[in-house]
Amino acid sequence: MEPSSTVDASPKEISRRQFMSAAIAAMGGLIGAALGLPAIAYIIGPALTKKTENWVRLGAVSKVETGTPTLFKTTVQRQTGWIADQQEIAVYVLTEDGQKYVAMSNICTHLGCRVRWIAEQERFFSPCHNGVFDKDGNVVSGPPPRPLDRFETKIEDGVLYIRTV
Amino acid sequence: MDTKLGNYLDERFGWRGVWAAIFLRKIPHVNWLYTLGSATLFVATLQIVTGILLTMYYVPTPDHAYDSVTYITTQLPAGWFIRGLHHWGASAMVVLTVLHLLRVFFYGAYKYPREVTWSTGVLLLLVVVGFGFTGYLLPWDQKAFWATTVGTRIIAVAPGIGPWLLRVARGGDELSAVTLARFFGVHVWVLPAALLALLLIHMYLVIRNGISAVPERKE
Chain A
0 MEPSSTVDAS PKEISRRQFM SAAIAAMGGL IGAALGLPAI AYIIGPALTK
50 KTENWVRLGA VSKVETGTPT LFKTTVQRQT GWIADQQEIA VYVLTEDGQK
100 YVAMSNICTH LGCRVRWIAE QERFFSPCHN GVFDKDGNVV SGPPPRPLDR
150 FETKIEDGVL YIRTV
Chain B
69 MDTKLGNYLD ERFGWRGVWA AIFLRKIPHV NWLYTLGSAT LFVATLQIVT
119 GILLTMYYVP TPDHAYDSVT YITTQLPAGW FIRGLHHWGA SAMVVLTVLH
169 LLRVFFYGAY KYPREVTWST GVLLLLVVVG FGFTGYLLPW DQKAFWATTV
219 GTRIIAVAPG IGPWLLRVAR GGDELSAVTL ARFFGVHVWV LPAALLALLL
269 IHMYLVIRNG ISAVPERKE
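Protein chains in written order, with our numbering: chain A, 0 to 164; chain B, 69 to 287.
In short, the hints are calculated from the structure, not lab data.
Ideal placement from N, C-alpha and C gives every residue a C-beta, glycine not left out.
Treat each hint with caution, since some may be false.
[Said to hold, decoys possible] Restraint ranges, calculated between C-beta atoms of paired labels, are given here:
| id | chain 1 | residue 1 | chain 2 | residue 2 | range |
| --- | --- | --- | --- | --- | --- |
| 1 | A | Ile-39 | B | Leu-92 | 30 to 38 Å |
| 2 | B | Val-218 | A | Thr-79 | 31 to 39 Å |
| 3 | A | Asp-84 | B | Trp-232 | 48 to 56 Å |
Modelling step: build the complete structure from the supplied sequences, incorporating the hints.
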């Protein structure tokens, strides 16, 4: 910072009106912030709650047909806002060798419609915008941007579990 | 707003004239009691803002009303604050409106040419009380339920049509889902509409007629 060469000889006087205007603006800003900031937290609050991860029991591994996606349906307990309800989860499980299991979400990666496995055509079809996936969940045609989402799986005592987020 | 943008908008809106009419009008030498109207307006604004925020989560049905209010108060960030402001603001509204009315009454400020300002003010007091009465039921807890049971029962005292009016107010013989829904509807639609309409007339008249001076002790 260079020292300024010219110093204002007559310091600016603040008029009564200017002072009041500034004071009112400051108080208004303070009140606005005191209400506005909590309001923002209040509105985005539900979006900030952490998702709970859980291992969800799907069913006996023996039910999975080798080489074709098998549909498992299960319900999970959920608390949304002030309502406790059950959400149905549908998962396609695929195994080629009875050793490795792939659990795929039935939610289309385009806009969230539920896909269905059509055995005759060996494809998953989404009813909404003609999204088509092969049996590994890879996109064959249509608008979906990525393959079907997969869940982490584990098998305990012949029972298949997936980890939901 | 002495900027280009200010000029641009003033040319199209004439906002400087509006601003001057509202905020730069001449007023007599008055005292702090004359701030009661502004204070009421301020709290009313606060009630509107917090009320709108509460409707984001509140559900007016018997099976969820109480739970949604509990959710607002205990689960949401600042929910207790928003609801607290609305709760205490409701009492403040009644107190401030009455104090404002008393000041106008004792200063004789309701006289010519301000009779209509006074009339709309009295109607506004009724609206404020209506807000308080309908809002009291919405949490749907024991206090709300029984206070409204008693409060609506008073209507039945009216001669002749009393019992029928009670049924209209409750939407049936007893307090029910219908009562809660209609109290909510009145609280968030009917009364706010009435409040805004009356408030606009009230404020217009305050600006148009100016405010009265403190009465002086002389003939």
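Tested hints:
{"no.": "1", "hint": "Ile-39(A) to Leu-92(B): 30 to 38 Å", "result": "holds (34 Å)"}
{"no.": "2", "hint": "Val-218(B) to Thr-79(A): 31 to 39 Å", "result": "holds (35 Å)"}
{"no.": "3", "hint": "Asp-84(A) to Trp-232(B): 48 to 56 Å", "result": "violated (41 Å)"}
Checked against the numbered hints listed earlier, the structure breaks hint 3 alone; every other hint is satisfied.
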